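**Student:** Chain by chain, the residues run as shown.
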Amino acid sequence: MESVRKGFIFSLDAALALIVVIMVGGLLVMYFQVAEPKAGAYAASDRIAEDAAVVGFYLGKDAGQMGLSGTLPSDEFASCSVVYGYEIRVNSTWSSPIEKKYCKGM
Amino acid sequence: MDKRGQIFSLDFLISLIALTLALGLLIQFAEIKTYNENEELQWLELKGVAETAADLLVSNPDIVCELKDEGGSPLHSLMNCLPHINSLRISQQWMAISADYDCLIETPGAGQQLHPQSYDCKGDPTGSENVYSVDRKVVIFNGGNRYQISKGELEDCLKSDPNCKMYEQTVRLRVWKA
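Residue numbers (the working numbering), protein chains in the order written: chain Y, 1 to 106; chain P, 1 to 178.
Hints listed in this document are in silico derivations from the structure and should not be mistaken for laboratory results. Keep in mind that a hint or two might mislead.
Here are a few chain Y residues that face chain P, going by a calculated C-beta distance under 8 Å [as the list claims (entries may be wrong)]:
1. L12
2. V24
3. D51
4. Y58
5. L59
6. G60
7. G64
Quick list of simulated restraints, FRET-style, between CB atoms [stated by the list, open to error]:
8. D13(Y) to K177(P): 48 to 54 Å
9. G25(Y) to L19(P): 17 to 23 Å
10. T71(Y) to K151(P): 30 to 36 Å
11. S91(P) to D75(Y): 35 to 41 Å
12. M23(Y) to P125(P): 39 to 45 Å
13. Q65(Y) to S77(P): 55 to 61 Å
14. K177(P) to M106(Y): 25 to 31 Å
15. K177(P) to E76(Y): 30 to 36 Å
16. G67(Y) to S77(P): 37 to 43 Å
17. L75(P) to K100(Y): 20 to 26 Å
18. A43(Y) to S9(P): 57 to 63 Å
DSS-like cross-link-like pairs, simulated, lysine-lysine; straight-line CA separation at most 30 Å [unchecked claim]:
19. K177(P) to K68(P)
20. K61(Y) to K33(P)
21. K100(Y) to K122(P)
22. K100(Y) to K33(P)
Owing to the predicted nature of the structure, the values given are computational and were not obtained by experimental measurement. For every residue, glycine included, the Cβ atom is placed at its ideal position computed from N, Cα and C.
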């Protein structure tokens with residue numbers, strides 16, 4: 001009596017394994033394609049906040065007048081630059097630093 | 001016993017066709033990927049040159065305003081402060097832009113463009129495939145032909161005095177492969 005041997009190539013196990021490998025590979029590729037543009041946007045936020053802080057300092061403008069926020073925004077990502085002033089109090093034994101924040105959220 | 005041949009079985013032939021198709025797709029994918037990687041490498045290089053140039057535009061002591069004391073002695077350079085166009089000094093070399101690249105500095109939306117007589121970055125990006133633009137916020141010191149600003153003039157601006165000679169301006173730097 002002859003035994004019937006089925007072909008190996010198109011077994012269900014092999015086909016399912018191939019589909020899983022393709023899906024995982026595709027997910028990994030998509031993840032890294034999204035991560036790269038976000039890095040560029042973060043760097044741009046740093047630059048915007050820093051420029052606004054320096055220009056705001058020169059012209060005596062606060063964050064609102066420079067189009068930014070004076071407090072840390074609750075966005076996914078935010079970048080702040082801080083300018084420190086110094087308030088001298090007359091008739092007092094202490095003085096305090098003044099902190100002005102210039103924050104850009106994303 | 002009747003032994004069937006293995007090489008020309010239907011199973012084998014179908015798998016051969018599928019394998020050839022898969023190899024063809026893989027080779028095509030590899031070619032496209034290599035092309036995309038080369039394009040991305042050129043873009044990243046352009047981005048690096050442009051962003052470094054923009055950082056130097058607002059920080060290089062050879063370009064930005066200089067603070068001086070009452071005696072006229074220089075104190076230090078002022079980041080993000082550019083002199084008026086009559087005394088603006090810019091060169092590609094000071095912004096670390098090699099001869100392989102060309103650039104243009106402009107002030108978007110302003111009535112007066114940054115076109116003093118003697119500086120680089122006056123190119124025309126029209127027709128260039130990849131152009132990278134960077135906007136930086138600066139103050140322009142409107143002190144005539146001077147790039148040096150006195151402490152008194154700076155203090156006028158810090159206190160938002162009407163006599164302040166500085167005004168806010170966005171400067172756009174565009175860089176492309178020459």
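**Student:** Would you mind marking each hint as holding or not holding in the structure?
**Tutor:** Here's how the hints hold up against the structure:
Interface hint at L12(Y): violated, since its Cβ lies 14 Å from the closest Cβ of chain P, which is beyond the 8 Å cut-off. Interface hint status for V24(Y): violated, as the beta-carbon distance to the closest one in chain P is roughly 17 Å, over 8 Å. Taking 8 Å as the C-beta cut-off, the interface hint given for D51(Y) holds, the closest approach to chain P being about 4 Å. The criterion of a C-beta within 8 Å of any C-beta in chain P is met by Y58(Y), whose closest approach is roughly 5 Å, and the hint holds.
Look at L59(Y): its Cβ gets to within about 6 Å of chain P, closer than 8 Å, so that hint holds up. A distance limit of 8 Å between C-beta atoms decides the matter here; for G60(Y) the minimum to chain P is near 4 Å, and the interface restraint holds. Nearest Cβ of chain P to the Cβ of G64(Y): about 14 Å, over the 8 Å cut. The hint is violated. Evaluation of the 48 to 54 Å hint for D13(Y) and K177(P) yields a pass: the beta carbon distance comes to about 52 Å.
A hinted range of 17 to 23 Å holds for the C-beta pair G25(Y) and L19(P), which are about 19 Å apart. Distance hint for T71(Y) and K151(P): a CB-CB separation of about 32 Å, consistent with the stated range 30 to 36 Å. The hinted window of 35 to 41 Å between S91(P) and D75(Y) holds, with their beta carbons roughly 39 Å apart. In this structure the hint that M23(Y) and P125(P) lie 39 to 45 Å apart at CB holds, the actual value being about 43 Å.
For Q65(Y) and S77(P), the Cβ-Cβ distance of about 25 Å falls outside the hinted range of 55 to 61 Å, so the restraint is violated. Taken as a hint, the range 25 to 31 Å holds for the pair K177(P) and M106(Y), whose Cβ atoms sit roughly 30 Å apart. Checking the proposed 30 to 36 Å range against K177(P) and E76(Y) shows it holds: the Cβ atoms sit about 34 Å from each other. Distance hint check for G67(Y) and S77(P): the Cβ-Cβ separation is about 26 Å, which falls outside the suggested range of 37 to 43 Å.
Checked against the given bound of 20 to 26 Å, the beta carbons of L75(P) and K100(Y), roughly 23 Å apart, stay inside it. Under the hint 57 to 63 Å, the C-beta atoms of A43(Y) and S9(P), about 59 Å apart, fit the expected range. A hinted pair counts as satisfied when its Cα atoms are at most 30 Å apart, and K177(P) with K68(P) does not qualify at roughly 38 Å. As the CA atoms of K61(Y) and K33(P) are separated by approximately 49 Å, the hinted pair breaks the 30 Å bound.
Distance check on the hinted pair: K100(Y) and K122(P) sit about 37 Å apart at the alpha-carbon level, beyond 30 Å; violated. Taking the CA atoms of K100(Y) and K33(P), the gap is near 47 Å; set against the 30 Å cutoff, the hint is violated.
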